[in-house]
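Chains A and B, in that order, are what the protein sequence lines are. The opening residue of the first sequence carries number 110 in the numbering used here; numbering runs sequentially from there. The opening residue of the second sequence carries number 110 in the numbering used here; numbering runs sequentially from there.
Bear in mind the hints are in silico, worked out from the structure with no lab data behind them. Please read these numbers as outputs of a predicted model, since none were measured by experiment. Check the hints yourself; a few may be wrong.
Just so you know, same-sequence chains aren't split out, so a pair can sit in one copy or run between any two.
The calculated lysine-lysine pairs, modelled on DSBU-like cross-linking and capped at a C-alpha distance of 30 Å, are [to be verified]:
1. 229 x 293
2. 218 x 510
3. 510 x 219
4. 279 x 137
5. 359 x 230
6. 218 x 229
7. 219 x 137
8. 146 x 342
9. 230 x 510
10. 460 x 342
11. 293 x 460
12. 510 x 229
13. 327 x 219
14. 534 x 392
15. 534 x 137
16. 230 x 481
17. 481 x 219
18. 348 x 293
19. 144 x 481
20. 460 x 481
Chain residues, written in single-letter form:
Protein chains: 2
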Amino acid sequence: MEMEDQIYAMRGNICFSRDKNHLEVVDKGYVVCDKGKSAGVFSQLPNCYLNIPCRDYSEALIIPGLIDLHVHAPQFAFRGLGMDLELLEWLNINAFPEEARFEDLEYAKKSYAIFTEALKKSATTRASVFATLHVEATQILMDLIEASGITALVGKVNMDRNSPDYLCEKSSVQSAADTRRWIKNTSEKYKNVKHILTPRFIPSCTDELMRELSLIQKEFNLPLQSHLSENLKEIAFVKELCPDIKFYGKAYENAGLFGGECRTIMAHCVYSTDEEIDLMKEKGVFVAHCPGSNINLASGIAPIRTYLDRDLFVGLGSDIAGGFSESIFRAMSDAIQVSKLYWRYIDPAVKPLTVDEAFYLGTKGGGAFFGKVGSFEAGYEFDAVVLDDRNLPHPQELNTKQRLERLIYISDGSNIISKYVSGNKVF
Amino acid sequence: MEMEDQIYAMRGNICFSRDKNHLEVVDKGYVVCDKGKSAGVFSQLPNCYLNIPCRDYSEALIIPGLIDLHVHAPQFAFRGLGMDLELLEWLNINAFPEEARFEDLEYAKKSYAIFTEALKKSATTRASVFATLHVEATQILMDLIEASGITALVGKVNMDRNSPDYLCEKSSVQSAADTRRWIKNTSEKYKNVKHILTPRFIPSCTDELMRELSLIQKEFNLPLQSHLSENLKEIAFVKELCPDIKFYGKAYENAGLFGGECRTIMAHCVYSTDEEIDLMKEKGVFVAHCPGSNINLASGIAPIRTYLDRDLFVGLGSDIAGGFSESIFRAMSDAIQVSKLYWRYIDPAVKPLTVDEAFYLGTKGGGAFFGKVGSFEAGYEFDAVVLDDRNLPHPQELNTKQRLERLIYISDGSNIISKYVSGNKVF
Numbered sequence: 110m111e112m113e114d115q116i117y118a119m120r121g122n123i124c125f126s127r128d129k130n131h132l133e134v135v136d137k138g139y140v141v142c143d144k145g146k147s148a149g150v151f152s153q154l155p156n157c158y159l160n161i162p163c164r165d166y167s168e169a170l171i172i173p174g175l176i177d178l179h180v181h182a183p184q185f186a187f188r189g190l191g192m193d194l195e196l197l198e199w200l201n202i203n204a205f206p207e208e209a210r211f212e213d214l215e216y217a218k219k220s221y222a223i224f225t226e227a228l229k230k231s232a233t234t235r236a237s238v239f240a241t242l243h244v245e246a247t248q249i250l251m252d253l254i255e256a257s258g259i260t261a262l263v264g265k266v267n268m269d270r271n272s273p274d275y276l277c278e279k280s281s282v283q284s285a286a287d288t289r290r291w292i293k294n295t296s297e298k299y300k301n302v303k304h305i306l307t308p309r310f311i312p313s314c315t316d317e318l319m320r321e322l323s324l325i326q327k328e329f330n331l332p333l334q335s336h337l338s339e340n341l342k343e344i345a346f347v348k349e350l351c352p353d354i355k356f357y358g359k360a361y362e363n364a365g366l367f368g369g370e371c372r373t374i375m376a377h378c379v380y381s382t383d384e385e386i387d388l389m390k391e392k393g394v395f396v397a398h399c400p401g402s403n404i405n406l407a408s409g410i411a412p413i414r415t416y417l418d419r420d421l422f423v424g425l426g427s428d429i430a431g432g433f434s435e436s437i438f439r440a441m442s443d444a445i446q447v448s449k450l451y452w453r454y455i456d457p458a459v460k461p462l463t464v465d466e467a468f469y470l471g472t473k474g475g476g477a478f479f480g481k482v483g484s485f486e487a488g489y490e491f492d493a494v495v496l497d498d499r500n501l502p503h504p505q506e507l508n509t510k511q512r513l514e515r516l517i518y519i520s521d522g523s524n525i526i527s528k529y530v531s532g533n534k535v536f
Numbered sequence: 110m111e112m113e114d115q116i117y118a119m120r121g122n123i124c125f126s127r128d129k130n131h132l133e134v135v136d137k138g139y140v141v142c143d144k145g146k147s148a149g150v151f152s153q154l155p156n157c158y159l160n161i162p163c164r165d166y167s168e169a170l171i172i173p174g175l176i177d178l179h180v181h182a183p184q185f186a187f188r189g190l191g192m193d194l195e196l197l198e199w200l201n202i203n204a205f206p207e208e209a210r211f212e213d214l215e216y217a218k219k220s221y222a223i224f225t226e227a228l229k230k231s232a233t234t235r236a237s238v239f240a241t242l243h244v245e246a247t248q249i250l251m252d253l254i255e256a257s258g259i260t261a262l263v264g265k266v267n268m269d270r271n272s273p274d275y276l277c278e279k280s281s282v283q284s285a286a287d288t289r290r291w292i293k294n295t296s297e298k299y300k301n302v303k304h305i306l307t308p309r310f311i312p313s314c315t316d317e318l319m320r321e322l323s324l325i326q327k328e329f330n331l332p333l334q335s336h337l338s339e340n341l342k343e344i345a346f347v348k349e350l351c352p353d354i355k356f357y358g359k360a361y362e363n364a365g366l367f368g369g370e371c372r373t374i375m376a377h378c379v380y381s382t383d384e385e386i387d388l389m390k391e392k393g394v395f396v397a398h399c400p401g402s403n404i405n406l407a408s409g410i411a412p413i414r415t416y417l418d419r420d421l422f423v424g425l426g427s428d429i430a431g432g433f434s435e436s437i438f439r440a441m442s443d444a445i446q447v448s449k450l451y452w453r454y455i456d457p458a459v460k461p462l463t464v465d466e467a468f469y470l471g472t473k474g475g476g477a478f479f480g481k482v483g484s485f486e487a488g489y490e491f492d493a494v495v496l497d498d499r500n501l502p503h504p505q506e507l508n509t510k511q512r513l514e515r516l517i518y519i520s521d522g523s524n525i526i527s528k529y530v531s532g533n534k535v536f
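Go ahead and model the full structure; you've got the sequences and the hints to work with.
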């Protein structure tokens, strides 16, 4: 990572979302970075900036960094493997045995280095990341992400029930103690990496553990990430474990861990009921939409149009390794695709997502969890990705919006030529 | 393209399908090419082959070339663009205006060169390709594909009704005359490129045109490709145009253009009725399953498990540009994904496709249309692709089958390091 000048401009074909319905395109425009934040996008450089350094990316596209609201770092090793299972079996057969390996710090270092390198090369600038229950391995992950230049929230996982002996915390007390130890070990240690509380999901967490986490949440004022209403069998299991709650999300809310003062990301929300949606809305809970994972584990299709219409906070997640791609471009394209099947097979009254909406979800939509992130409007963090599409030739003229659309669907790593986080160049 | 020795061996980790349920893996094995055909796969080289040249691909995977049973070459230019439409609107707004440009031979040359270069670099060794209605442009496409070393069936499109004035043949007589001219111009011209009759689909072809094509089919003994039961509005339109037929496929059969002596590929078959399926079975019609396209145009999900259970011939198609990717690996992964949503939302009695089945569909399943193609069993055409996955590191051990599975889901062009067609090296 290279530290940048305090103030500089970048020139190229600039695309960013103002809101979910408005993708802004400024051809051969300028975006100015002032002390790590955008000072705005201009078609001509204002006089006051005429003397600042300018990086000319010529015909390339410049877009805000992409946001991954849900990714399991230890599962990156088995992405694209063993997906012929539904969630609960998949956890037992694939995820838990792999996560158990992270007790071995050499293995953790090797695996997390591979994950972090892929994250670094991707178009993602910020991510909310699950580690495993292991304190030391989680610290290794945080060290690596900090060194990569990416900004991330990272969570040591909590799980003290319904988990195999080899990957289960002995008690809520131990889980809480480990969590405090992890927070203290890493407090003030990083510039770009912060803590996020990470109870795996209700089936893995006793009521006592949720109470402990609530105390920790208040003490350290931490955000929280977990899973919600992903799979029908999971939901039935939660109903069995918590017979008194009206809906799954209530189990988090009863512990004070569902939005409000506790800023919260809930991954999936494929089968959220009206009451659950109402509560997410009321509490400002973020939905991490993970369309690829929801197909691969045959979970279903989340009603994202409904969430957008109700003005819920929604972003995208790769959900490695329920999802097999770390690319948030792929998550955008998957989100559009599944919304078409939702329209075809579930509810013809619910219109498919547009490209503009999918781009918004993967930038400003998810970015809002990190503050003013995911756009180039003045005051936003200067997270930027530069895309070169010259290896995707075309015989006809294409405008910038069309080039972006095409990159969402067909780009791969070779198209990402530069990336900036808060004004610092990652590569 | 480089001409190969008459007989040689290749060494690597070899994967191929014997049938839809059996993926064979031979680690550090040998596949022998004798005069363009496989002489079999061996874990140790038999004595009789000890002195032949051997190319050692070391840790790489060697698989049969992939087969694209349905691709529109002129549409490659707009892949990943303008997919917020259903089939009939999408044709009018995207496909027809672009195809009309191929009257301009300079444009055709430029566009088809881009398509052919992408096809060459891909893992596809054989394809069945739609061109446009233009005779000269279609010849340019055939010239380019022949030069690339890929084997293909290429069709000049026939369409004489319900098409815009700028892309509609004036009469069935003119369409037939152009088709004969195209066949004669290019007869005996190519080694690897052959003709395939290509009535666009029933809505675009008058009964008179179908009769003309039937005569041409018999005269030249040509195979045929078209579209079938892709989209509900399309099917309703066919019903309106042909009120006397019991089902869509019957309109082809009435003209003698639905399997039997006329070897036929029908793309899509999303909504084929039991009777249509029975007729496809009876006539040996090949289904080109195009899962990506069927999502993008919100057509639906084809019941491929049903077709496999009934022992129909089924292969995969990229359906560029209803599909946005020319990769048949992507088609395999899409086929698995949509089969999971079929299970979830349409019929829980129909099990999702396995990785083995998807690999079979993209190799031997589609390959059967070209003869003994798509496997390494002795006597099969020696079409091979060499895959290097070293840029996809992993911390744990993976066996060859797992590496193949992962490549199906997450590989891109960078993993394809060599390709052979009928024993000739393409790159």
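Tested hints:
Taking the closest pair of Cα atoms, residue 229 and residue 293 come within 30 Å of each other only inside a single copy of the chain (26 Å); across copies the shortest separation is 56 Å, beyond that limit. In the homo-oligomer, the alpha carbons of residue 218 and residue 510 lie at most 30 Å apart only across protomers (26 Å), although the nearest pairing inside one protomer, at 41 Å, exceeds that limit. Taking the shortest alpha-carbon separations for residue 510 and residue 219, only the inter-copy value of 23 Å comes in at or below 30 Å, while the best intra-copy value is 40 Å. Taking the closest pair of Cα atoms, residue 279 and residue 137 never come within 30 Å of each other, the shortest separation being 58 Å inside a single copy and 45 Å across copies.
In this homomeric assembly, residue 359 and residue 230 never come within 30 Å of each other (Cα to Cα): the closest approach is 38 Å inside a single copy and 52 Å across copies. Within a single copy, residue 218 and residue 229 get their C-alpha atoms as close as 16 Å, which meets the 30 Å cut-off; across copies the closest is 39 Å, which misses it. Proximity of residue 219 and residue 137 under a CA criterion of 30 Å is satisfied inter-copy only: 26 Å between copies versus 42 Å inside one chain copy. In this assembly of identical chains, residue 146 and residue 342 lie within 30 Å of each other by CA distance neither inside one copy nor across copies; the values are 45 Å within and 50 Å between.
For a Cα distance limit of 30 Å, the shortest separation of residue 230 from residue 510 qualifies both inside one copy, at 23 Å, and across copies, at 27 Å. Proximity of residue 460 to residue 342 under the C-alpha cut-off of 30 Å is found in both arrangements, the shortest distances being 28 Å within a copy and 17 Å between copies. For the identical chains of this complex, residue 293 and residue 460 are neighbours neither inside a copy (47 Å) nor across copies (49 Å), given an alpha-carbon limit of 30 Å. Taking CA atoms no more than 30 Å apart as the test, residue 510 paired with residue 229 passes in both settings, with 25 Å inside one copy and 28 Å between copies.
Taking CA atoms no more than 30 Å apart as the test, residue 327 paired with residue 219 passes in neither setting, with 34 Å inside one copy and 63 Å between copies. Taking the closest pair of Cα atoms, residue 534 and residue 392 never come within 30 Å of each other, the shortest separation being 35 Å inside a single copy and 61 Å across copies. Taking CA atoms no more than 30 Å apart as the test, residue 534 paired with residue 137 passes inside one copy only; the shortest distance there is 21 Å, against 43 Å between copies. Only within a single protomer do residue 230 and residue 481 lie at most 30 Å apart by alpha-carbon distance; the minimum there is 23 Å, versus 42 Å between protomers.
Taking the shortest Cα distances, residue 481 and residue 219 never come within 30 Å of each other, neither inside one copy (34 Å) nor across copies (44 Å). Taking identical chains as interchangeable, the C-alpha atoms of residue 348 and residue 293 are never at most 30 Å apart, the minima being 35 Å within one chain and 71 Å between chains. For the identical chains of this complex, residue 144 and residue 481 are intra-copy neighbours only, at 14 Å inside a copy versus 64 Å across copies, given an alpha-carbon limit of 30 Å. Taking the shortest alpha-carbon separations for residue 460 and residue 481, only the intra-copy value of 29 Å comes in at or below 30 Å, while the best inter-copy value is 45 Å.
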